[in-house]
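Chemist: Given next are the chains, with one letter for each unit.
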Amino acid sequence: MSQITRRGLMKTGAAAGVVAATGLPAKAANRGGTLRLGLAGANTSDSWDGRTHSDSFMIIMGHGTVFDCLTEVKANGELVGELAESWEASSDAKTWTFNLRKGVTFHNGKAFGADDVIASLQMHTAEGAKSAAKPIVAAISEMKKMNDHQVQFTLAAGNADFPFLMSDYHILMYPAGQIEEAIANGIGTGLYKVESFDPGVRAVVSRVDGHYKDGSAGWFDSVEAIAINDSSARMNALMTGQVDAVNRVDFKTEPLMKANPNVEIFEVTGNQHFTFPMLTNQAPYDDANVRKALKYAVNRQEMVDKILQGHGKVGNDHPIGPANQYFAADLPQLEFDADKAKFYMKEAGLTSLDINLSASDAAFSGAVDAAQLYQASAKGAGININVVQEPADGYWSNVWLKKPWCACYWSGRATEDWMFSTAYESGVPWNDTSWENARFQELLLAGRAELDSDKRRSIYGEMQAIMSEEGGTIVPMYANYVDANSTKLAHGDDIGNLWQMDSSRITERWWFK
Amino acid sequence: MGSIARIILQRLALGLLTLLIVSMVIFVAVNALPGDFAQQILGQGATPEAIEAIRKDLGLDQNYFLRYFSWLGNLLTGNLGISFAQMNFASNMGGDQLIGVAEQIRPRFMNTMFLAGVTAVIAVPLSIILGLLAALYRNTVFDRAANITTLSSISSPEFFLAYILILFLAVLNPVFPSLSNIFDGMGFGDRLNKTMLPALTLTLVVTAHMMRMTRAAIINLLASPYIEMARLKGISPMRVIVKHALPNALAPIINVIALNLAYLITGVVVVEVVFVYPGIGQLFVDSVKIRDIPVVQACCLIFAAAYILLNLAADIMSILSNPRLRHPK
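So the sequence lines, in the order shown, correspond to chains A and B.
My numbering numbers the first residue of the first sequence as 1 and each following residue consecutively.
My numbering numbers the first residue of the second sequence as 514 and each following residue consecutively.
To be clear, the hints were calculated from the coordinates, so they are not data collected in a lab.
Misleading hints may appear alongside valid ones.
[Said to hold, decoys possible] Restricting the straight-line Cα-Cα distance to at most 20 Å, the calculated cross-link-like pairs of lysine to aspartate or glutamate (EDC-like) are: (1) A:Lys94 <-> A:Asp55; (2) A:Lys134 <-> B:Glu741; (3) A:Lys402 <-> B:Glu565; (4) A:Lys134 <-> B:Asp656; (5) A:Lys340 <-> A:Asp287.
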């Protein structure tokens, strides 16, 4: 299976169906039992509407449990078909033909087909709809039903990542004509069907009989997800055996959990990263030398050690993470170097610099402390950082994108193009550095329509290098996803690193020993 | 008895006025919080256009007075309105199957009442008996021990008590579950078992107040001549306290019990969060977090009404328990 290159998969995903069908976990898995999850990230406003999913409870119970997408990223990062069996692109990556899996039914018995795909995608661009996946679907200029199990998408501009984007957890497949009912009751094609759902409190689902993933996923008889937003209560629930797995382990109690023989911690480094974006159209950040001085004035390892308590990796001032396909692992690592910082200060014609850094724990947990560490390490280079503690309420509307330098976080994106075009393409609303770089922009457009995997690697590698060298954001660290489970549970060889809890697919991939 | 009816009516009218003022204060306070529903729900995705769109859908773009009075108007017709979360959801869906605030709160409120009920059943008899015994054996080791224990438990923060109980009753000796995730359709025994730890925590919080009031009220009376007389007749100390002193001490005790019962309904937020008990307190916290004003207001009104009604009940009970007030000259 390893001979299948990504390009092969991208252009003709014909083998993808085979991968999914034979994707048996290396270790023998057992059927049975009720998985009890204690999950943070639940809200009383939760619903089965994929367009609104943004927090872990619904991401896990939505795309990971009750619903399916067209494609799926496996735990090892490989893209396979979920409801799509295979796909094929035209040479300009503009026209994509998806062959759908046959014989799939929704939980209410309706057969899944091309109409459902089209209706489900149209939900995101419907008038008044507030969907986080709107830009993805809006890029499709035409959707054509070729036959009951084939759909052709024509994109406004070529996008080699299109099948990847179809794995996004917002883009769930609903039964056409019954979408309202499906959202009200949670009717999908997933491995588990909804038994009861109390938003912000609890969801219970049970295994569907005769599912297309039989034998490769879905080992539990039922799953009970309990909303436990309070972190001490969540850790307690796992320690006392009330639940079998929890997300977002509290670093403070982590040593205690490690000491418990019935609990194990699992952590992965994904794309989630913390940033300090500066508005590069404002002085002094418009000077690349000032930005460089700031890049050398931060002690990244110290931040990983003290803010993340070691649960992370140092960042390199670009937003592409280890979970991305073309992550440039060989890029020279920026390190704290007071002399270099001073050198670039001199280049900028400055002997000292007084700047404000706005931070609040709304940006990320520990942001204010991180800003203070920055302040301490930058002092040696003659840079006086004044940490401005901003109120957590309204941080994203009043501080981020408004203050010249602030703290921010990104959960990362599954593809390089998606990440770059969300926050670093010139002119996009979330460009939190107002950064414009002609070469970067040119590479971005070239990479988007390029189907050749090697060429894309070099394109995205160069983009990461440009950002690392002179970009407007400081990315001191990647934060790990740290979750914990009872030792009664077992899982495959790899743990997905796109989201928490094995890319939010713990209910599909794990089993009881 | 006519006077009691008049008092009740008077107090109810005053209560309504209080509720009106409370609703205004809450409305102003919630609006004074930085950020609104649109900003909270969008988080990092709060672009000005998206915020405007949501505000428009929810009517948040109208001025304060208009919003307050339309809410008040609906309330007077018994309509608590629809939560922002639901309205926002509906604008996404274009559907009209909306769950009103009342339906949203009802199951949560019932859960909170259940917890309050279980706690009251444990705490009220316990504290009255402890109070009586403390009065009977006053200044003995027992009295001191009871005082020290209850006073230290009331002086500790609730979450601390909760964790101590979890440590001893869930981690070291797994007697009760540390997670109180009760749900509809659960058997009564199961439900009671899951509710035990939060109920015990609340018991520790409210016992001291009631117990010490019982003790003080009775000791106060023990110095009066008619108790002296009873003692001289040779009645046993226990009988003196239960038969002679307690009836006259009931008024202050009932007052304190009512106050504590009200606390059980309104003050359970922390305990509910620690034990993940799906009561009204959790809903309240969640709603404040996303600035869901209709839900916050409805919760506050319920809290305020609970206080007003229980206080009213306490006053009426103390009148009924006191012949001098029952038959004024």
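Chemist: Against each hint, give a clear statement of whether it holds in the structure.
Modeler: Okay, the hints, checked on the actual structure:
no.: 1; hint: A:Lys94 <-> A:Asp55; in the structure: 32 Å, violated
no.: 2; hint: A:Lys134 <-> B:Glu741; in the structure: 84 Å, violated
no.: 3; hint: A:Lys402 <-> B:Glu565; in the structure: 18 Å, holds
no.: 4; hint: A:Lys134 <-> B:Asp656; in the structure: 69 Å, violated
no.: 5; hint: A:Lys340 <-> A:Asp287; in the structure: 16 Å, holds
When the structure is compared with the earlier hints, violations turn up for hints 1, 2, 4 and for no others.
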